[in-house]
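**Student:** Letter by letter, the chains look like this.
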Amino acid sequence: SAVISQKPSRDICQRGTSLTIQCQVDSQVTMMFWYRQQPGQSLTLIATANQGSEATYESGFVIDKFPISRPNLTFSTLTVSNMSPEDSSIYLCSAGLAGENTGELFFGEGSRLTVL
Amino acid sequence: GQQLNQSPQSMFIQEGEDVSMNCTSSSIFNTWLWYKQDPGEGPVLLIALYKAGELTSNGRLTAQFGITRKDSFLNISASIPSDVGIYFCAGSTGRGSTLGRLYFGRGTQLTVWP
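Residue numbers (the working numbering), protein chains in the order written: chain A, 76 to 191; chain B, 13 to 126.
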């Protein structure tokens, strides 16, 4: 398995500010993703973090709002820009280990953001 | 995109009872994963399935990959209080290095009464 550490674990932010969430994996992984989980809801994929290139965003999410970096195989950041109360959510980093015909995705503990 | 229907939405059971939940999709999946999420934590992977008909156990948990490749179920036997949490199914059209994105069900909230 992969151990995924996220920072910060929680934060309270002011409207209009930006916050960067860091994700560190304890081993090299082929896949990294960022998900959002709103209170009481399921997980929604924001984007695939691609190593050394621009992230691939899902419908409804744009780079200007959620810039993502992935400089190497073990680290990624997600920035939530120009925050509004609607951005209050849990943001989860996910990393994957792939075998020839197998694949598992593991999650960090999440970063709970509250925007006032 | 693919839709996953997970049921039941919630379950209230007594300690010692068995639990069953399932997930169906509108599309064929090549990988099914089951997760458990405790309050304030990220989802924890319980079981991974890769082949149609595959039946896999992890302690008191058993999961199966449906023959049609459009469904999966998770059983928990002899439930205990620490089984409380939200269980999510997740599926992917990929496998291995092409696993790619996961589609998640809405979750099953399990409550276990002592």
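Mixed in with the good hints, there may be bad ones.
Partner residues aside, some chain A positions facing chain B, computed with beta carbon under 10 angstroms [unchecked claim]: (1) Tyr110; (2) Leu118; (3) Pro160; (4) Leu180; (5) Phe181; (6) Phe182; (7) Arg187.
Covered stretches of chain B (chain A as the covering partner; in silico rule of three or more C-beta atoms under 8 angstroms from a C-beta of chain A) [stated by the list, open to error]: (8) 27-39; (9) 67-73.
FYI, nobody ran anything at the bench for these hints, they're computed from the structure.
Don't be surprised by glycine CBs; every beta carbon is placed ideally from N, CA and C.
**Student:** Tell me the hint numbers this structure goes against, listed in increasing order.
**Tutor:** Hint check: 3, 8 and 9 fail, others pass.
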